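Participant: Below are the chains, spelled out letter by letter.
There are 2 protein chains.
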Amino acid sequence: MSGGIERLSVNQWTVRSWGVQELADGCARHGITAVGLWREHVAEFGLARTAKLARDAGLRVSSLCRGGFFGRPGWLDDNKAAIDEAAVLGAACLVLVVGGLPDNSKKLSAARQHVTDAVAQLVPYAEDRGVRLALEPMHPMYCADRGVLSTLSQALDLAGPHQTKTVGVIVDTFHLWWDPEVTAQIARAGREHRIAGFQVSDFLMPLPADVLLGRAMMGDGVIDFGPLCQAVSAAGYQGDVEVEIFNADVWAADPDDVLARMKDRYKALIANEISIISSKLSETFR
Amino acid sequence: MSGGIERLSVNQWTVRSWGVQELADGCARHGITAVGLWREHVAEFGLARTAKLARDAGLRVSSLCRGGFFGRPGWLDDNKAAIDEAAVLGAACLVLVVGGLPDNSKKLSAARQHVTDAVAQLVPYAEDRGVRLALEPMHPMYCADRGVLSTLSQALDLAGPHQTKTVGVIVDTFHLWWDPEVTAQIARAGREHRIAGFQVSDFLMPLPADVLLGRAMMGDGVIDFGPLCQAVSAAGYQGDVEVEIFNADVWAADPDDVLARMKDRYKALIANEISIISSKLSETFR
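These protein sequence lines are chains V and P, in that order. Quick note on this note's numbering: the first sequence kicks off at 7 and runs consecutively. Quick note on this note's numbering: the second sequence kicks off at 7 and runs consecutively.
Heads up, a few of these hints could be off.
Said to hold, decoys possible - Derived pair list, reagent style DSSO-like, types lysine-lysine, alpha-carbon separation capped at 27 Å:
1. K112(P) <-> K273(V)
2. K269(P) <-> K112(V)
3. K113(V) <-> K273(P)
4. K273(V) <-> K113(P)
Stated by the list, open to error - Estimated spans, in silico, between C-beta atoms of each pair:
5. G166(V) <-> V129(P): 36 to 44 Å
6. A63(P) <-> G80(V): 54 to 62 Å
7. A259(V) <-> A87(P): 42 to 50 Å
8. G242(V) <-> E198(P): 32 to 40 Å
9. G10(V) <-> S115(P): 26 to 34 Å
10. D163(V) <-> L218(P): 47 to 55 Å
11. G232(V) <-> G96(P): 43 to 51 Å
The set of hints was computed from the structure by calculation and includes no laboratory data. Computed from a predicted structure; not experimentally measured. Idealized CB from N, CA, C, for every residue including glycine.
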């Protein structure tokens with residue numbers, strides 16, 4: 007069905023003041039049927055309890071955020087724990103934010119090689135548990151401190167040696183909109199069956215003092231969502247569209263207002279663009 | 007000669023409180039033999055007067071900053087004027103900062119196409135005057151407001167149809183360090199004879215509130231200069247290495263101290279790396 011919110015997912019961090027129960031209740035009030043969860047919130051509410059709540063509420067878990075940060079001490083055990091949690095939750099994927107340069111190192115190539123090795127090390131564990139790892143290329147302004155994975159092309163190269171069911175990529179409009187190659191690489195990601203998730207938020211200009219909070223509600227920034235959504239749709243992606251916004255004003259607002267605005271913007275800017283293929287399959291349901 | 011400052015150029019904006027005369031005097035005091043000039047400073051001192059001063063002082067003009075901003079009203083006349091000035095100064099190139107999204111537009115593809123068209127329109131004018139246009143790919147965090155040219159690959163594609171003597175690219179460590187393709191694209195730029203200039207500065211972490219000022223003195227940020235300088239050297243580039251820093255602390259410091267520190271850092275981090283080829287040619291001069 008085109009124009010509706012059937013595929014809309016809200017990432018918990020968008021309404022981060024809410025715990026898991028409040029998020030589920032909010033989704034019920036707003037007719038939202040999918041959520042992206044964060045491990046911290048899940049731990050607070052309880053893993054099994056979260057899984058049961060989502061199941062009972064009919065909420066799809068479009069992603070669990072997040073594994074990765076492979077430069078930190080204890081990364082291997084922490085990522086195994088994240089994989090276990092994703093399995094229990096039945097999450098469509100575990101998002102991997104790979105981490106930046108290790109402390110006091112400027113060796114970018116070595117950091118990237120370490121990510122390649124770390125993913126290879128995690129794959130058998132994820133495969134055994136039926137969890138799909140989702141490599142998230144991040145905006146280059148985060149290269150040093152959050153993610154040395156900077157382009158979709160690089161993420162697809164990294165995914166290449168592994169089975170598609172176990173390693174995919176996240177297409178995130180905020181991180182990738184600027185890339186001259188993004189449309190071609192989204193098409194490639196489709197051909198290679200790698201699109202594990204599609205996250206949307208806008209890119210704020212000017213950037214706030216803390217660039218981590220440079221995301222905005224769709225329509226409040228500089229991104230032209232049409233071409234990106236159409237590319238993802240044309241690539242055959244049929245999964246959820248997850249709205250993930252790190253923004254001080256959004257966080258300060260009433261979460262119910264945020265969800266209402268999110269739905270409006272989604273309908274206005276995303277829903278029709280992302281439904282190019284599915285709308286043709288379901289014209290009778292309009 | 008390896009390890010020296012023979013190829014070091016100081017971009018005027020690094021010591022922006024100085025006018026043209028003070029810059030020339032400062033270079034003489036510090037043994038620096040090349041400068042990157044800015045049109046504003048040149049206009050203030052006088053174009054012909056600046057050209058004579060540089061000639062008399064034996065200063066190479068490694069670049070004139072800047073043309074571009076093709077989305078602004080009057081861009082064509084302004085760029086022609088910049089080309090004329092570069093010709094009078096005998097600048098090695100005219101740096102083009104192509105500009106971001108036009109006001110109220112989110113049409114990135116259209117903005118990029120306009121840049122392609124604008125460059126093509128300027129080429130005959132530049133060719134007639136013997137000026138080399140230098141396309142500067144900028145960090146993706148500036149895509150919306152300063153430069154829709156985001157990668158070296160994209161800049162080389164744009165340069166492709168034009169003669170190498172008239173259109174080249176700027177390799178700038180600050181803008182390009184994060185790019186997984188940067189080493190390969192620097193090699194390509196060498197093969198295609200496109201490297202018109204090499205600018206160096208570091209990438210500050212965390213970024214300051216105004217990300218435009220996120221550059222730093224070499225060694226004060228996260229960039230590993232070795233691989234980048236070696237790639238530029240291996241690509242056959244024999245020109246000047248221009249230090250261009252936009253940084254509030256650098257601007258607040260005594261310009262003579264800035265030049266002294268710049269020379270130290272250049273010798274420690276850049277000079278030997280950039281001299282891989284030339285050092286082999288001139289071992290007897292060490």
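Participant: Taking 27 Å as the top limit, are the C-alpha atoms of K269(P) and K112(V) close enough?
Facilitator: The given pair, whose Cα atoms are some 21 Å apart, holds under the 27 Å limit.
Participant: What's the verdict on K113(V) and K273(P), does the C-alpha distance respect the 27 Å limit or exceed it?
Facilitator: holds (20 Å)
Participant: Just tell me: holds or violated, for the beta carbon distance of A259(V) and A87(P) against 42 to 50 Å?
Facilitator: holds (48 Å)
Participant: Taking 43 to 51 Å as the hint, is the beta-carbon distance of G232(V) and G96(P) inside that range?
Facilitator: holds (47 Å)
Participant: With 26 to 34 Å as the target window, see if G10(V) and S115(P) comply at their CB atoms.
Facilitator: holds (28 Å)
Participant: If I claimed the Cβ atoms of A63(P) and G80(V) lie 54 to 62 Å apart, would that claim hold in this structure?
Facilitator: holds (59 Å)
Participant: Determine whether the Cβ-Cβ distance between D163(V) and L218(P) falls within the hinted range of 47 to 55 Å.
Facilitator: violated (32 Å)
Participant: Just to be sure I understand the hint, the distance between the Cβ atoms of G166(V) and V129(P) should be within 36 to 44 Å; is that true here?
Facilitator: Cβ of G166(V) to Cβ of V129(P): about 39 Å, so the range 36 to 44 Å holds.
Participant: Do the alpha carbons of K112(P) and K273(V) lie within 27 Å of each other, as the hint requires?
Facilitator: This hinted pair holds, its Cα atoms lying about 19 Å apart.
Participant: If you draw a straight line from the CA of K273(V) to the CA of K113(P), is it 27 Å or shorter?
Facilitator: holds (20 Å)
Participant: Looking only at beta-carbon atoms, does the pair G242(V), E198(P) fall within the given range of 32 to 40 Å?
Facilitator: holds (36 Å)
Hint compliance for this structure: hint 10 alone is broken.
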